[in-house]
Each structure stands twice: as structure tokens, then as C-alpha cells.
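Visitor: Numbering (UniProt numbering) for the sequence shown: 1 to 189.
Treat the hints as calculated values from the structure; they're not laboratory data.
There may be inaccurate statements among the hints.
Stated by the list, open to error - Straight-line Cα separation of at most 27 Å, DSSO-like style, residue types lysine-lysine; simulated pairs:
#1 K103 x K143
#2 K53 x K143
#3 K143 x K124
Here the structure is a predicted model, which is why all the values come from computation and not from measurement.
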Amino acid sequence: MRVVSSDARKGGSLIFVDNSLLDGLIKGAILAIAALVWVVILIRINGLRSLSKMSNFDFVMTVALGSLVAGAAQASELPALLQSLAAMVGLFITQYTAARLRKASDTVEDVLDNCPALLMRDGKFDEQAMRSNRVTRSDLIAKLREANVLDLAQVRAVVLETTGDISVLHGERLDWTLCEGVSGAPAPD
């Protein structure tokens with residue numbers, strides 16, 4: 001086994017050893033680690049909000065970032081690796097800019113974000129909201145079980161969040177301020 005530099009072949013191919021199977025394993029591991037370290041650096045620069053999934057935009061960012069890490073780990077040439085790393089920077093810049101614009105303008109926030117929807121209120125299913133959001137009764141019941149709901153009468157609200165998560169609010173009473181901005185929710189008292 002002979003160690004070969006990345007410049008040993010034309011085209012900028014990333015070759016670490018002169019055995020294709022071993023080279024693939026070593027290269028995949030090294031590039032995956034390098035990509036993950038790069039992501040950690042970008043998160044440290046951009047802040048904790050980077051992977052928060054607080055909006056649908058953040059969720060898409062997380063999925064796209066994962067795809068770019070996988071692409072970087074599978075890069076066979078240096079330009080492809082650098083392109084993946086640069087694309088990650090572009091994602092973080094776009095997310096940072098979008099978050100700043102969302103904070104500065106309600107109009108931008110309305111354009112970028114979906115509106116959360118009330119699917120259940122005071123133990124009653126909102127069939128129309130469920131239908132328009134394509135949520136089945138069985139899916140919703142499964143989420144109620146996950147939230148340890150023992151009695152539908154204890155469910156104050158079930159909200160389909162902008163990220164696609166479902167929040168279950170149950171107990172004796174609910175301060176409807178918690179559902180501010182949720183489609184179908186009553187105004188707070």
C-alpha cells in the first residue's frame with residue numbers, strides 16, 4: 001500500500017492510498033469528519049439558532065445542510081468538496097439574512113413562514129382544519145398518545161406547528177396567549 005498525494009492524478013482527484021476500496025473508506029471517513037467540523041465552525045459563527053427548526057425555513061436549512069455534508073463526504077475531486085463547503089456557507093448566510101429580515105418585518109415573516117393551525121380544541125377534533133392540513137384522525141390520536149394524553153377532555157389545544165411538529169397542550173386550563181398567531185385559535189382573554 002502506497003500513500004498518494006491529492007495532486008498525484010490529473011483533475012484534482014482526492015486519492016489517499018493506492019487501493020480503491022481502502023481509499024474509499026479512508027476518504028469517506030476523513031471527508032465526513034472534515035465536513036462535520038466545518039459545520040460546527042459555521043454553527044459557532046452563526047449562533048445556536050442555526051439548527052433550531054423554529055420555522056419551516058430553518059427546517060429546510062437543516063435538511064439541505066445534511067445533504068451537503070453527505071455530498072462533501074462523497075466528493076471525489078477537490079473542486080466538488082470545496083463547492084459543498086462553500087454551499088454550506090451560502091446556506092448559513094441565507095438563513096442568517098432571512099432570520100434578520102423576519103425579525104425586522106412582519107411582511108417578510110408572513111411571506112417566509114406558514115401559519116400554525118389549531119387541529120383540536122377543548123377535547124374536540126377540528127375536522128375541517130385536519131382535512132385542509134391533510135392530518136388524519138389516526139395520526140392525531142398517535143400524537144396524543146405520544147404526549148401521554150389519558151383523556152380527550154383534558155386536551156385544551158393541538159397545534160400543527162410551522163415546522164410540521166404537533167404540539168399537544170393539555171391540563172385543566174389554557175392561557176390562549178400560548179396560541180397567539182395560530183389559525184383557528186380564539187383571542188386571548
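Visitor: All hints, please: hold or fail.
Guide: Each hint tested on the structure:
1. Under the criterion of a C-alpha separation no larger than 27 Å, the hint pairing K103 with K143 is inconsistent with the structure, at around 31 Å.
2. The straight-line distance between the Cα atoms of K53 and K143 is roughly 19 Å, inside the 27 Å bound, and the hint therefore holds.
3. Restraint check for K143 and K124: satisfied, since their Cα atoms lie roughly 15 Å apart, inside the 27 Å limit.
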